[in-house]
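Here is what each chain is made of, one letter per residue.
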Amino acid sequence: MKNGSVGIVKTRYYTFGFPPNELKLESGEKLGPITLAYETYGKLNKNKTNAILILHALSGDAHAAGYHKSTDRKPGWWDIMIGPGKAFDTNKYFIICSNVIGGCKGSTGPNSINPKTGKPYGLNFPIITIKDMVNAQKHLIDYLGIKKLLSLAGGSMGGMQVLQWTVSYPEMCHSAIPIATAPYLSAQAIAFDEVGRQAIISDPNWRNGNYYNTDKIPARGLAIARMIGHITYLSEESMHRKFGRKLQDKEKYSYKFLTEFQVESYLHHQGDSFVKRFDANSYLYITKAMDYFDISQGYKSLTDAFKRVKSKFLVISFSSDWLFPPSQSRVIVNALRNNLKEVSYVEIKSSYGHDAFLLEAKHLTRLIKKFLNTVSKEI
Amino acid sequence: MLKYIRYDLQIIGNFIKPNSKVLDLGCGDGTLLEYLKLTKNVIPYGVEISEKGIEKCIEKGVPVFQGDIDEGLLDYKNNSFDYVILSQTLQVTKKPYKVLMEMLRVGKKCIVSFPNFGYLTIRLYLLFKGRMPKVKFLPYNWYDTPNIHHLTIQDFYIFCKENNIRILKKVFLNFSLKKNKIIKFLPNIFAQYGIFMITKNNK
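Same order as they appear, the protein sequences are chains R and W. So that you can map any letter, position 110 of the first sequence is 110 in the working numbering, and since no number is skipped, the others follow by simple counting. So that you can map any letter, position 132 of the second sequence is 132 in the working numbering, and since no number is skipped, the others follow by simple counting.
Read the hints as simulated data drawn from the structure, not as lab findings. Hints are not guaranteed to be accurate.
Claimed, not checked - Derived pair list, reagent style PhoX-like, types lysine-lysine, alpha-carbon separation capped at 20 angstroms:
1) LYS95/W to LYS362/R
2) LYS377/R to LYS37/W
3) LYS377/R to LYS60/W
4) LYS200/W to LYS362/R
5) LYS77/W to LYS307/R
6) LYS349/R to LYS56/W
7) LYS56/W to LYS369/R
8) LYS56/W to LYS377/R
9) LYS21/W to LYS161/W
10) LYS341/R to LYS77/W
11) LYS349/R to LYS52/W
12) LYS200/W to LYS341/R
13) LYS341/R to LYS21/W
14) LYS119/R to LYS46/R
15) LYS60/W to LYS37/W
16) LYS310/R to LYS200/W
17) LYS307/R to LYS21/W
18) LYS341/R to LYS40/W
19) LYS60/W to LYS341/R
20) LYS169/W to LYS300/R
21) LYS200/W to LYS21/W
22) LYS52/W to LYS369/R
23) LYS37/W to LYS310/R
24) LYS300/R to LYS310/R
25) LYS60/W to LYS369/R
Given the sequences, and given the hints that come with them, work out the whole structure.
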C-alpha cells in the first residue's frame with residue numbers, strides 16, 4: 001500500500017467531564033459532560049511515541065482521512081495528506097483527529113442536548129475559545145494514554161490550536177506544524193467573521209438560536225456566511241483562473257437579477273451545500289472562538305508567550321493567502337526565534353489563497369515528511 | 001556523521017566560539033550550520049531562498065527561514081546573534097551595502113567570504129583576452145552569472161575603512177594550491193577567496 005488510502009474508518013466518541021468534574025472554560029463557565037468525536041489512523045507504537053494530532057479548521061471535523069462507507073463520494077478533509085506513504089504516513093505514525101467542542105460533527109456543541117434541560121443547548125451553550133478546545137482535546141490524548149505527541153499539525157484555526165497546544169502543554173508537544181495561521185486573529189478576519197454572524201442572526205429562521213425543534217433552519221443566513229467565508233479562502237488569481245468572467249449556462253447577459261456569472265453560481269453552490277452539513281449556531285460559536293484567539297493574551301508579549309514552549313516548529317504560510325498572510329506567520333517565527341526555539345519557516349508559492357493548506361499537497365508533503373522524519377529520530 | 005566539509009567553511013568554523021548563536025545568510029543546504037552544530041554546539045539559524053535548500057536544511061534538522069536577504073533583516077533585533085555569516089553570497093546580492101550594514105546591525109561579529117576579482121588569473125584573462133573572465137572558480141558567462149557585484153580584497157579593505165568597520169580576522173585562500181592553500185603574500189593578487197571577520201562594535 002503506497003500513497004494509498006486508510007480505507008474505511010469509523011468515528012469514535014469519548015465522553016468526560018461529568019459533574020462535578022466539568023471542564024472549566026476561559027469565560028469562567030463550566031461545560032460537561034463533553035463528548036469528543038475522533039478518528040485515528042495507523043497504529044500507536046509500543047512506547048507511544050509516534051502519535052500525531054491533526055487539528056481541523058472552522059468547518060472541519062474528525063473525519064480527516066479515508067471513507068466511512070465504500071459508497072462515500074468524498075474522503076476525509078485532509079485525505080491528500082494522511083494515509084500510507086503520504087505526508088502523515090499511517091505506516092509509521094498514529095494519527096488522531098478530533099472534532100472541536102462547539103462543533104456539530106459529533107462533539108458537544110450548541111446542537112447537543114443540554115443535560116439540564118433535556119433540550120438542545122442553542123444559545124445556552126457557553127462561549128468557547130481555542131484554549132478551551134485544546135483543553136478538551138487534552139482529555140482525549142490523556143485517555144489514549146499518550147504522554148507526548150510526536151507532532152501536531154493543522155491549518156488556519158487548526159494552526160491556532162497547534163500554537164495553543166505548544167503553549168498550554170509544552171511537555172506534551174515534541175514538534176509542531178502550524179500552517180496558514182496567525183498568533184492572533186486580525187481585525188480584517190474578525191470583520192469577515194462578524195459579517196458572517198450577522199447574516200445568520202438576521203435570518204428570521206434563526207430565532208435567537210432556538211430553531212432546532214422547528215421545521216426551518218436559518219439556511220439563508222448560514223449560506224451567506226459561507227459565501228463570504230469562501231471568498232476569503234480564495235485569491236484574486238485563483239478566482240480569475242477558475243471563473244474569470246465566464247457566464248453560467250448562457251452566452252449573453254440577461255440584464256436581470258439572476259445568477260449571471262459562474263463565480264456567483266459557485267458561491268451559491270458552496271453556500272447551499274454547507275447548510276446541509278453545518279449548524280448555524282456552531283458557525284457563530286466557532287467564529288467567535290477564533291475572534292478571541294490571541295496567543296499572547298495573559299503574557300507580556302508574544303515572545304513571552306512562547307518562552308516555555310518545548311516544541312520544534314515548522315511554520316508554513318502561502319504566498320497568496322490574504323486571510324492569514326505570510327507576514328502573520330513570520331510574527332510567530334520571530335517570537336519563537338527570540339526565545340531561541342528551533343523554528344523553520346517556509347512560504348510556499350501558491351495561487352490558491354488561504355485554501356492552499358487543503359490543496360498544495362505536493363509541497364506540503366515534501367516538507368512535512370522530511371520534518372517528521374527528523375523529529376521522529378529525537379523523541 | 002560528519003562528512004568532508006569545504007576548506008573555507010572549516011576556516012569559518014575556526015572563527016566561531018562554541019555555544020554561540022549563529023545566523024547563516026544564504027545557508028544553502030545547511031552544510032555549514034550542521035557542521036557548526038555538531039562541532040561547536042552552536043544555536044544555528046539559516047536564511048535561504050531556494051526551496052531545495054530549505055528542504056535539505058529541514059532534513060538535516062537545521063532551523064531555516066525562507067526569505068530573501070536582499071529584503072533585509074528587519075525581523076531581527078540589534079546584536080541578536082553572536083555571528084552572522086555571509087559565505088560566498090555577497091557578490092550575489094542586489095544590495096551588498098545594505099546587506100552588510102544589516103548584518104553588522106544584527107550580529108555582534110560578522111563573517112564575510114567572497115571570490116576575489118583581483119586574482120591574478122582574472123586580471124590576466126581580462127588583460128589578454130579582453131573578455132569577462134570565465135575561470136574555474138568563477139565559471140559563468142557574463143550574461144548568466146549570478147555574481148552581479150564583484151569585488152576585490154582591496155575593495156573590501158577600503159569599504160571597511162570608509163564605513164568604520166573593524167576587521168578582526170582575515171584569511172586568504174587559493175584552492176588551486178595543493179598543500180598550503182592559505183595565501184599571506186599579496187593576497188589581492190594571489191588569493192581566490194577572502195574571508196573576513198568584521199564588526200561595528202567598539203568592544
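Hint by hint, work out which the structure violates, then give me just those numbers in ascending order. The structure breaks hints 1, 4, 9, 12, 14, 16 and 20; every other hint is satisfied.
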